[in-house]
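*Asks:* Those protein sequence lines, which keep their order, are chains S, D, B and L.
Residues in the first sequence are numbered from 1 upward in steps of one, following this note's numbering.
Residues in the second sequence are numbered from 1 upward in steps of one, following this note's numbering.
Residues in the third sequence are numbered from 1 upward in steps of one, following this note's numbering.
Residues in the fourth sequence are numbered from 1 upward in steps of one, following this note's numbering.
Keep in mind that the hints are not guaranteed to be accurate.
[As the list claims (entries may be wrong)] In silico DSS-like pairs for lysine-lysine, Cα to Cα no more than 27 angstroms straight-line: (1) K22/B <-> K33/S; (2) K33/D <-> K20/D; (3) K122/D <-> K122/S; (4) K33/S <-> K20/S; (5) K33/B <-> K20/B; (6) K33/D <-> K22/L; (7) K33/L <-> K22/D; (8) K22/D <-> K33/D; (9) K33/L <-> K33/D; (10) K20/L <-> K33/L; (11) K122/L <-> K122/B; (12) K22/L <-> K33/L; (13) K33/B <-> K33/S; (14) K33/B <-> K22/B; (15) K22/S <-> K33/B; (16) K22/S <-> K33/S.
In case anyone wonders, no lab produced these hints; they're calculated from the structure.
Here the structure is a predicted model, which is why all the values come from computation and not from measurement.
So you can see what is in the structure, the chains are spelled out below.
Protein chains: 4
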Amino acid sequence: MCRWLAYSGSPVRLDDLLFKPKNSLVVQSQHSKMGATTVNGDGFGVGWYGALETPGIYRSTEPAWNDRNLRELSALASSRRVFAHIRASTGSAVQQTNCHPFRHGRWLWMHNGVLSGFPEMKRDLAFAVDPALFHEIEGSTDSEMLFFLALTFGLLTDAPTAVARAVGLVEETGRRHGIEHPVQMTVAASDGDTTWAFRYSSEGRSRSLFHSTDVSTLRAQYPDNPVLHDLSEDARLVVSEPLGDLHGAWREVPESSCLIVRGDQEEMRAFSPAAP
Amino acid sequence: MCRWLAYSGSPVRLDDLLFKPKNSLVVQSQHSKMGATTVNGDGFGVGWYGALETPGIYRSTEPAWNDRNLRELSALASSRRVFAHIRASTGSAVQQTNCHPFRHGRWLWMHNGVLSGFPEMKRDLAFAVDPALFHEIEGSTDSEMLFFLALTFGLLTDAPTAVARAVGLVEETGRRHGIEHPVQMTVAASDGDTTWAFRYSSEGRSRSLFHSTDVSTLRAQYPDNPVLHDLSEDARLVVSEPLGDLHGAWREVPESSCLIVRGDQEEMRAFSPAAP
Amino acid sequence: MCRWLAYSGSPVRLDDLLFKPKNSLVVQSQHSKMGATTVNGDGFGVGWYGALETPGIYRSTEPAWNDRNLRELSALASSRRVFAHIRASTGSAVQQTNCHPFRHGRWLWMHNGVLSGFPEMKRDLAFAVDPALFHEIEGSTDSEMLFFLALTFGLLTDAPTAVARAVGLVEETGRRHGIEHPVQMTVAASDGDTTWAFRYSSEGRSRSLFHSTDVSTLRAQYPDNPVLHDLSEDARLVVSEPLGDLHGAWREVPESSCLIVRGDQEEMRAFSPAAP
Amino acid sequence: MCRWLAYSGSPVRLDDLLFKPKNSLVVQSQHSKMGATTVNGDGFGVGWYGALETPGIYRSTEPAWNDRNLRELSALASSRRVFAHIRASTGSAVQQTNCHPFRHGRWLWMHNGVLSGFPEMKRDLAFAVDPALFHEIEGSTDSEMLFFLALTFGLLTDAPTAVARAVGLVEETGRRHGIEHPVQMTVAASDGDTTWAFRYSSEGRSRSLFHSTDVSTLRAQYPDNPVLHDLSEDARLVVSEPLGDLHGAWREVPESSCLIVRGDQEEMRAFSPAAP
Chain S
1 MCRWLAYSGS
11 PVRLDDLLFK
21 PKNSLVVQSQ
31 HSKMGATTVN
41 GDGFGVGWYG
51 ALETPGIYRS
61 TEPAWNDRNL
71 RELSALASSR
81 RVFAHIRAST
91 GSAVQQTNCH
101 PFRHGRWLWM
111 HNGVLSGFPE
121 MKRDLAFAVD
131 PALFHEIEGS
141 TDSEMLFFLA
151 LTFGLLTDAP
161 TAVARAVGLV
171 EETGRRHGIE
181 HPVQMTVAAS
191 DGDTTWAFRY
201 SSEGRSRSLF
211 HSTDVSTLRA
221 QYPDNPVLHD
231 LSEDARLVVS
241 EPLGDLHGAW
251 REVPESSCLI
261 VRGDQEEMRA
271 FSPAAP
Chain D
1 MCRWLAYSGS
11 PVRLDDLLFK
21 PKNSLVVQSQ
31 HSKMGATTVN
41 GDGFGVGWYG
51 ALETPGIYRS
61 TEPAWNDRNL
71 RELSALASSR
81 RVFAHIRAST
91 GSAVQQTNCH
101 PFRHGRWLWM
111 HNGVLSGFPE
121 MKRDLAFAVD
131 PALFHEIEGS
141 TDSEMLFFLA
151 LTFGLLTDAP
161 TAVARAVGLV
171 EETGRRHGIE
181 HPVQMTVAAS
191 DGDTTWAFRY
201 SSEGRSRSLF
211 HSTDVSTLRA
221 QYPDNPVLHD
231 LSEDARLVVS
241 EPLGDLHGAW
251 REVPESSCLI
261 VRGDQEEMRA
271 FSPAAP
Chain B
1 MCRWLAYSGS
11 PVRLDDLLFK
21 PKNSLVVQSQ
31 HSKMGATTVN
41 GDGFGVGWYG
51 ALETPGIYRS
61 TEPAWNDRNL
71 RELSALASSR
81 RVFAHIRAST
91 GSAVQQTNCH
101 PFRHGRWLWM
111 HNGVLSGFPE
121 MKRDLAFAVD
131 PALFHEIEGS
141 TDSEMLFFLA
151 LTFGLLTDAP
161 TAVARAVGLV
171 EETGRRHGIE
181 HPVQMTVAAS
191 DGDTTWAFRY
201 SSEGRSRSLF
211 HSTDVSTLRA
221 QYPDNPVLHD
231 LSEDARLVVS
241 EPLGDLHGAW
251 REVPESSCLI
261 VRGDQEEMRA
271 FSPAAP
Chain L
1 MCRWLAYSGS
11 PVRLDDLLFK
21 PKNSLVVQSQ
31 HSKMGATTVN
41 GDGFGVGWYG
51 ALETPGIYRS
61 TEPAWNDRNL
71 RELSALASSR
81 RVFAHIRAST
91 GSAVQQTNCH
101 PFRHGRWLWM
111 HNGVLSGFPE
121 MKRDLAFAVD
131 PALFHEIEGS
141 TDSEMLFFLA
151 LTFGLLTDAP
161 TAVARAVGLV
171 EETGRRHGIE
181 HPVQMTVAAS
191 DGDTTWAFRY
201 SSEGRSRSLF
211 HSTDVSTLRA
221 QYPDNPVLHD
231 LSEDARLVVS
241 EPLGDLHGAW
251 REVPESSCLI
261 VRGDQEEMRA
271 FSPAAP
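This is chain S alone, in the form it adopts within the complex (with noise of 0.2 angstroms):
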């Protein structure tokens, strides 16, 4: 499994969501709290929208926490909106082309979690890939399987419904295959101005997903925490475990939700698979 964490708002260094919270991705890459693994080391990566249609993307097979070249980097890069991801492999080879985020055109997808039964499932997945996309498959992990499927299901003009599509063709392929519980996920994905987080799984025990409550209340309640300070009224993270114990600062995401993020909006939704 993984962690990952979305952020909007206004530009912030990379290394002070990476590197500077308490609880932050790359403490969690060697001791994550909640995660269904605690040593997240088989890779890593962060996207970001920079001045360029698209997004910039740096992946790397070492842990998070040993990359010097990530530090190097997340101090000289600030972006408005990051997607950052630390890897548990569930089996695929740990390799540049298997770490998230995942990107096509100016959309970025990170994905913690399993497609139980992906080797059985594979090829008919694949299969219902869009051709015109196949070839862009490059890796061989699930996550990117299910993002492939998200955009052959349109995910570039309705996120929610392209991945509840995405979602129930996995579900009634491995029910095909005799797989009790297919998918286990929360996933993030954006254009660059809306950030989506879904969390769900067919068994109903999704892994944890948190969205950070509005910054300005956060502020009133700790007068003196500079880093909040620094911090825009729109900025919004979505995370996988909590950065810190800031109490108060983090909600859980509900299980079968989608999360939409645009500015300082945030709608939640019930999620649930649809017909592929």
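With chain S's structure known, arrange chains D, B and L on it following the hints.
*Replies:* Coordinates of chains D, B and L only, in the frame set by chain S:
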């Protein structure tokens, strides 16, 4: 493109094959004389048959000339049958799962060349792979796909026919996609007892391929060469380019041929694609 | 800190040592039970004596649990004497030249622990290394420096005295720099025939160290355990922490001791630093 | 040996420097035209000054032509002052700590060439380094040692004199060890405001070094070249070999010279070693 060698005969230390010849494979990784590219620095791999049913493989994304572990390993490992490959990527990612040789059970496979138009053909080719084998595809190269097609068409029972049908399928698929010359290849395959080496290209201008002449002739010509005296009578090498300039040591494998090496027996057959 | 094992006895396949035990070194790389750190993911190394004078070493900056080449290599290599080490850096860079075991001619050396205040002491210690050996120092760790000091003080002819003098020099140097407890170590060294294992710390609270009891006793107690039956009478293991929970299989090496293993002979000596 | 470039001027995207020129540094990493080695595939590094006091460095052991992260990073980062270096090792390990540029506080340093007889001289040179700096030496190269000697002799206050004394020390040390031509170098150093470039060798046959002529002249000659129009008047490049074949764009730096670039001011001085 790439360079490779396939050895069979009395046990040799791997470094005698990889490092010691004047134009060794490791030398070729920086300065190939006959390759389509002079630098073959996009990873490498070695496969060798030892005490186990399954051959071992050591594959790395570093240039072969830099890999200290390869020097260590190859000084201590000996084998009666060795495959070695240095890679120059034609576009797919530099990662271990894209390094040759590829393995399936007791079989090894390596390839120099390219399937032109592979991105366009990839989905069709993947669909033609035996569904029971599909999930074993770990990388993203044309070379591994060709291996899985050959496995699908019966590599384990009749290698020349299986490769002919695999090549036939790629050419047929290529034609459907408007690709003039889909296949460019020299390929080596082995089950641990026999080596099959193929030289073929759709355009009839295949990458170079050579095989060694028999050792006793060479020994008579070069009575003072100690390397030759350590080799058994049945020692045979098939190589992308000669490992040195011993005159009379190397014979070109003709265009559209399949060379079969079993013990000290060599058989040269014509090779042409077959209907899949 | 780190974890290590030193094996001597009848030839074993490396994977029998590294992967198969219940609490194998590779398991410990993610979840050490007794180490100063639970995760030992900052590279690893294996050294093994084979047909050559010089032992082979395979060292990698990847976490041991991820390294596919280690699985391949260790399934095909057997040895009568194996050193293996998983690293948790105490600050120096994660690079092959900082991975243990270190080698000098026929000798191997590995270390768990730390020289406290090493940055302050480094120049003085480096200056004390035999000038003829100085340029052989390739990495930047305290562990390698300790090895070169031991070499300087006669490791090749009298290992216990040489290590005592090396430790004595570090403590003396540390005191000059105001460091309270300069040395924390368990160390293993071998010349290919004998293994010396040291457990010592300036503060008298050394990292854990165990050695196996004799195999015939264990075999009598566990008549059904196949692993034990494959081992020769003289098989011995020295380990940072037990590889499993076979009661009676492991004995703690006492504080301030040197254990000498030669064939099936074990000798336990008191160890204390000596004037350099 | 190696190849490098040093840019100063209006902010440029790093990929405009590294990837887009016809004979870009990344092209040179596979096919250098004027280098002592054609392949410079033993790692690379980029240093760039951004919003922080300290410049960022991104260094990797992969060949520059393969590093996907370099493409990502260099498309999103811009800087007024960039150092970039591709490495061909002259023997020391391929590891990040041996990749250039090296950094000390606000300073960057990179080197093409070799200190001949470095293994013999290494201890003497190391002990000439300021004891307060000694522990900062992280790698094992002659290039980093030369940097620390220059720092020792006052690089921060008078760069040309400090480098002259460092070179003087190496030559004196080399003579003591019977080395005929100890120093072969082109070096670039910067404090973020000024760039110093040195071309010198003990034998008077130094590696190639060029600097760009002023942009306005070029712009007049090549009115249609868009790259030139994006650059400010004060844009300056110093390079191991020209990045393309724009006639009149490049001037050779003479033997035994120091070129000083500050804003649009260039000063060429004679350089000769000084007594340390």
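*Asks:* Mind listing which of the numbered hints don't hold for this structure, in increasing order?
*Replies:* Violated hints: none at all, because every hint is consistent with the structure.
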